[in-house]
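Those protein sequences? They're chains V and A, same order as listed.
Just so you know, we're using the working numbering here: the first sequence kicks off at 1 and counts up by one.
Just so you know, we're using the working numbering here: the second sequence kicks off at 155 and counts up by one.
By construction, these hints were calculated from the structure, which means they are not laboratory data.
Hints should not be assumed to be uniformly reliable.
Label pairs and their calculated CB-CB ranges [claimed, not checked]:
1) V:Thr116 - A:Ala714: 35 to 43 angstroms
2) A:Leu555 - V:Ala8: 50 to 58 angstroms
3) V:Gly51 - A:Glu710: 45 to 53 angstroms
Simulated coverage check for chain A against chain V, where a stretch passes if three residues somewhere in it have a Cβ under 8 angstroms from a Cβ of chain V [stated by the list, open to error]:
4) 202–214
5) 442–449
6) 518–525
7) 692–698
8) 732–746
When the alpha-carbon atoms are kept at most 27 angstroms apart in a straight line, the in silico DSS-like pairs for lysine-lysine are as follows [as the list claims (entries may be wrong)]:
9) A:Lys422 - A:Lys492
10) A:Lys499 - A:Lys640
11) A:Lys690 - A:Lys422
12) A:Lys690 - V:Lys78
13) V:Lys7 - A:Lys690
14) A:Lys690 - A:Lys640
15) A:Lys640 - A:Lys629
16) A:Lys269 - A:Lys422
17) V:Lys7 - A:Lys499
Treat the numbers as computed from the prediction; the structure is a model and nothing was measured.
Built from N, CA and C at the ideal position, the CB exists for glycine as well.
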Amino acid sequence: MKFGPMKAHRRARLLQILFLLVLAGLATTFLLQALNSNINLFYSPVQVTSGEVPLGQRIRVGGMVEAGSIIRASDSLKVGFNVTDLAGSTFEVNYTGILPDLFREGQGVVATGEFTRDGLFEAEEILAKHDEKYMPPEVAMALEAGDSASSALP
Amino acid sequence: MIVELGHFCLVIACVLAGLQMVLPSVGLFRGNFLLINTGRSLASGVFLFTVLSFCALTYAFLTNDFSVAYVARNSNTLLPWQYQFSAVWGAHEGSFLLWTLVMSTWTLLVANFSKPLSDEFRARVLIVMAGLSVGFYLFLLLTSNPFERTLPFYPSEGADLNPLLQDFGLIVHPPLLYMGYVGLAVPFAFAIASLWSNQLDVSWARWSRPWTNAAWAFLTLGITLGSWWAYYELGWGGWWFWDAVENASFMPWLIATALIHSLAATEKRGVFKSWTVLLAVFGFSFSLLGAFLVRSGILTSVHAFAVDAERGQAILWFITIVIGGSLTLYSLRAWNLKSVVGFDKSGRENFILANNLLLTISAAVILVGTLYPLAYEALNDGAKISVGPPYFNAVFVPLMLPLLVLMAFSQRSQWAATDLRVLVYGQGRLLAGSTVLGFGVALLLGALDLWICGIATLAFWLTLNLGMELRRRVKGRQAPWRRLLKQPLAVWSMVIGHFGIAVVALGIVSAVMMSEETDLRMAPGDTATVGDLEVKFLGTEAVQGPNYLSDQGRLEVYRAGQLLAVLQPEKRRYLASQSIMTEADILVRFAGDIYVALGEPLSEGAWAVRIHIKPLVRLIWIGGVLIGLSGFLSLLDRRYRVRSVLREKEISERQGSETAYV
Numbered sequence: 001m002k003f004g005p006m007k008a009h010r011r012a013r014l015l016q017i018l019f020l021l022v023l024a025g026l027a028t029t030f031l032l033q034a035l036n037s038n039i040n041l042f043y044s045p046v047q048v049t050s051g052e053v054p055l056g057q058r059i060r061v062g063g064m065v066e067a068g069s070i071i072r073a074s075d076s077l078k079v080g081f082n083v084t085d086l087a088g089s090t091f092e093v094n095y096t097g098i099l100p101d102l103f104r105e106g107q108g109v110v111a112t113g114e115f116t117r118d119g120l121f122e123a124e125e126i127l128a129k130h131d132e133k134y135m136p137p138e139v140a141m142a143l144e145a146g147d148s149a150s151s152a153l154p
Numbered sequence: 155m156i157v158e159l160g161h162f163c164l165v166i167a168c169v170l171a172g173l174q175m176v177l178p179s180v181g182l183f184r185g186n187f188l189l190i191n192t193g194r195s196l197a198s199g200v201f202l203f204t205v206l207s208f209c210a211l212t213y214a215f216l217t218n219d220f221s222v223a224y225v226a227r228n229s230n231t232l233l234p235w236q237y238q239f240s241a242v243w244g245a246h247e248g249s250f251l252l253w254t255l256v257m258s259t260w261t262l263l264v265a266n267f268s269k270p271l272s273d274e275f276r277a278r279v280l281i282v283m284a285g286l287s288v289g290f291y292l293f294l295l296l297t298s299n300p301f302e303r304t305l306p307f308y309p310s311e312g313a314d315l316n317p318l319l320q321d322f323g324l325i326v327h328p329p330l331l332y333m334g335y336v337g338l339a340v341p342f343a344f345a346i347a348s349l350w351s352n353q354l355d356v357s358w359a360r361w362s363r364p365w366t367n368a369a370w371a372f373l374t375l376g377i378t379l380g381s382w383w384a385y386y387e388l389g390w391g392g393w394w395f396w397d398a399v400e401n402a403s404f405m406p407w408l409i410a411t412a413l414i415h416s417l418a419a420t421e422k423r424g425v426f427k428s429w430t431v432l433l434a435v436f437g438f439s440f441s442l443l444g445a446f447l448v449r450s451g452i453l454t455s456v457h458a459f460a461v462d463a464e465r466g467q468a469i470l471w472f473i474t475i476v477i478g479g480s481l482t483l484y485s486l487r488a489w490n491l492k493s494v495v496g497f498d499k500s501g502r503e504n505f506i507l508a509n510n511l512l513l514t515i516s517a518a519v520i521l522v523g524t525l526y527p528l529a530y531e532a533l534n535d536g537a538k539i540s541v542g543p544p545y546f547n548a549v550f551v552p553l554m555l556p557l558l559v560l561m562a563f564s565q566r567s568q569w570a571a572t573d574l575r576v577l578v579y580g581q582g583r584l585l586a587g588s589t590v591l592g593f594g595v596a597l598l599l600g601a602l603d604l605w606i607c608g609i610a611t612l613a614f615w616l617t618l619n620l621g622m623e624l625r626r627r628v629k630g631r632q633a634p635w636r637r638l639l640k641q642p643l644a645v646w647s648m649v650i651g652h653f654g655i656a657v658v659a660l661g662i663v664s665a666v667m668m669s670e671e672t673d674l675r676m677a678p679g680d681t682a683t684v685g686d687l688e689v690k691f692l693g694t695e696a697v698q699g700p701n702y703l704s705d706q707g708r709l710e711v712y713r714a715g716q717l718l719a720v721l722q723p724e725k726r727r728y729l730a731s732q733s734i735m736t737e738a739d740i741l742v743r744f745a746g747d748i749y750v751a752l753g754e755p756l757s758e759g760a761w762a763v764r765i766h767i768k769p770l771v772r773l774i775w776i777g778g779v780l781i782g783l784s785g786f787l788s789l790l791d792r793r794y795r796v797r798s799v800l801r802e803k804e805i806s807e808r809q810g811s812e813t814a815y816v
């Protein structure tokens with residue numbers, strides 16, 4: 001094979017391909033960066049009580065709203081409640097705003113926000129399920145995780 | 155009895171679809187004209203039996219036959235009749251029956267309104283569509299039978315339709331959306347048929363254009379309506395959430411939008427041939443992916459049906475077969491899909507190329523964001539994550555801005571090559587004019603925000619360019635106004651569609667940047683100030699509806715002491731399911747919707763109240779409707795009809811020489 005001087009149109013084609021590759025690389029980098037800075041990890045109550053959650057980082061938590069735990073402020077929309085996996089792991093959630101229609105004691109809930117100190121979750125957004133029969137996969141998983149953690153105890 | 159008949163009709167439809175796939179194939183193989191043409195009549199049979207089956211399920215709903223499990227789960231004797239009717243497609247099984255009904259409708263239409271096609275080519279298209287139908291019917295019959303009975307112990311009362319779905323929006327939204335989703339099967343079938351028959355000239359592009367436009371128009375209207383429904387019915391006042399299921403409808407829309415543009419280039423200029431085929435394949439694949447995401451319950455979504463792994467798996471297999479099969483065929487045949495003509499950098503082809511690149515990249519980045527949680531879960535031992543709206547905004551908006559700029563420029567571009575002087579002529583003045591208008595709008599809205607000024611300027615620039623293009627077409631001619639009306643509908647369709655984009659862009663930016671949102675606690679007699687409005691809460695009273703009890707709030711909206719309106723949002727408790735539903739009340743104004751919804755009752759007669767002011771939010775849906783209508787308008791263009799007549803002649807002349815099949 002001979003590597004002579006490249007023909008003009010070949011060189012142009014090569015430059016085009018290189019340009020496209022660089023462009024694709026840049027786009028992928030940007031995409032991954034956007035993705036990684038906008039994902040919210042999900043934590044179950046067991047993970048919260050065992051201290052696995054990072055403080056001050058935007059995450060999602062979920063479980064069941066503990067019966068009798070909802071406390072409302074009398075002069076604002078502040079509300080606090082406990083989220084549990086029904087197997088002994090519980091933590092507090094604070095929220096200011098309007099709760100979804102299907103938010104209820106003993107029902108599944110997923111909240112987005114951050115832990116400001118150990119065991120207190122400041123929620124920015126609360127999602128309850130939208131259909132009576134529908135259980136968010138995260139909540140199902142959180143309950144399962146709680147079950148297996150508690151059955152592993154002696 | 156009727157229910158069993160309905161089930162039976164569905165089985166017959168499935169068998170007929172099977173025959174519709176097999177018989178013409180055998181005919182093609184043997185060169186038997188009689189068999190080749192069976193596809194057309196079988197299409198009527200499939201359609202008829204699917205309609206009968208659909209009627210049977212509707213009958214079960216209207217007669218409150220709770221021995222049918224699906225009816226018992228999704229209806230109730232107290233449910234008003236129009237919602238009993240729409241409840242037919244209110245959950246998984248019935249909505250998939252609607253899906254098959256829509257599929258058989260499209261097949262019937264293709265079978266009967268495809269005069270320009272040769273018998274052989276039409277047969278191939280119908281075979282592909284029948285193959286897809288068989289898959290749908292089998293899925294319905296084997297995993298999601300809507301006619302399943304709960305005998306002998308059936309409930310005396312139904313569990314009721316999800317209250318969110320008891321709304322006009324649900325009556326219309328799914329049928330429109332499905333017409334779009336499933337309609338993309340038509341260009342898919344045309345593409346596959348042309349690969350299969352090795353008939354890779356541009357004729358398939360010409361034939362599939364009206365079908366693609368129609369499917370795309372339905373999809374556009376379906377998505378627009380869905381967004382409107384979410385706005386007034388979900389009670390959050392949002393119109394787009396980047397929810398997995400919304401994305402599932404938006405990705406095929408983006409691909410279909412790319413497809414209608416590249417089809418135009420392929421038809422007119424014979425370029426992008428193989429790319430267009432790929433887009434047709436991917437457009438429909440994205441439809442199927444949407445069906446998978448919605449129906450497997452695999453992602454957390456406001457729309458998700460209950461989780462069912464079996465169904466998800468079945469659809470996944472179907473997708474694998476469809477995509478795998480078509481890509482294999484593509485790889486075998488695409489090598490002779492060479493474009494013969496070239497084009498200059500300034501040609502319209504290049505604008506369409508850029509449009510296609512930007513649209514497919516946006517579909518791809520949305521796909522990445524939508525599926526990333528699944529990939530992450532698989533790679534990280536079941537750890538769950540969610541990808542938030544900030545990701546989608548961060549990647550989608552930067553892709554749409556250059557698209558808007560290109561759209562403005564492209565209006566006066568010409569095929570093959572455009573004189574650069576024509577392209578830039580007067581753009582400076584237009585840009586200056588639109589900047590003034592853009593700032594004017596921003597001032598009217600009361601904020602000199604950079605985003606609003608920028609997007610409004612772009613929107614006006616695009617609009618002015620559209621106007622200039624119309625002007626160019628009639629300039630210097632006699633009776634220009636009459637001439638304007640006589641422009642081909644395809645031109646008007648193009649202008650109206652792109653104008654719709656400008657309208658949507660303006661609506662989005664003002665709704666995003668200018669919305670005033672307040673959630674607060676209000677006791678009866680309290681007054682809240684939101685923007686330049688004062689809202690006074692007068693308390694609630696109990697109201698009874700046909701199948702619900704309601705707390706109806708009363709809020710007076712004042713502007714500068716003047717009463718504008720009394721709004722009556724409701725909090726409903728549906729009797730059968732005991733579920734709670736927010737019914738927002740909205741005062742529609744040009745200056746901005748006033749959106750009021752009740753949160754929950756607090757102590758001492760006070761309520762959590764949500765008050766939003768959303769300037770120009772209506773433009774989002776008005777624009778969406780304009781875009782959708784432009785698609786339908788293009789169907790009426792006489793160029794399609796004239797061409798089909800010519801085509802028919804050409805074929806009848808050729809008929810004698812065509813003997814070889816397969």
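Tested hints:
no., hint, in the structure
1, V:Thr116 - A:Ala714: 35 to 43 angstroms, "holds (42 angstroms)"
2, A:Leu555 - V:Ala8: 50 to 58 angstroms, "violated (35 angstroms)"
3, V:Gly51 - A:Glu710: 45 to 53 angstroms, "holds (52 angstroms)"
4, 202–214, "violated (count 0)"
5, 442–449, "violated (count 0)"
6, 518–525, "holds (count 3)"
7, 692–698, "violated (count 0)"
8, 732–746, "holds (count 4)"
9, A:Lys422 - A:Lys492, "holds (15 angstroms)"
10, A:Lys499 - A:Lys640, "violated (32 angstroms)"
11, A:Lys690 - A:Lys422, "violated (61 angstroms)"
12, A:Lys690 - V:Lys78, "holds (21 angstroms)"
13, V:Lys7 - A:Lys690, "violated (78 angstroms)"
14, A:Lys690 - A:Lys640, "violated (53 angstroms)"
15, A:Lys640 - A:Lys629, "holds (14 angstroms)"
16, A:Lys269 - A:Lys422, "holds (21 angstroms)"
17, V:Lys7 - A:Lys499, "holds (21 angstroms)"
Violated hints for the displayed structure, listed by number in ascending order: 2, 4, 5, 7, 10, 11, 13 and 14.
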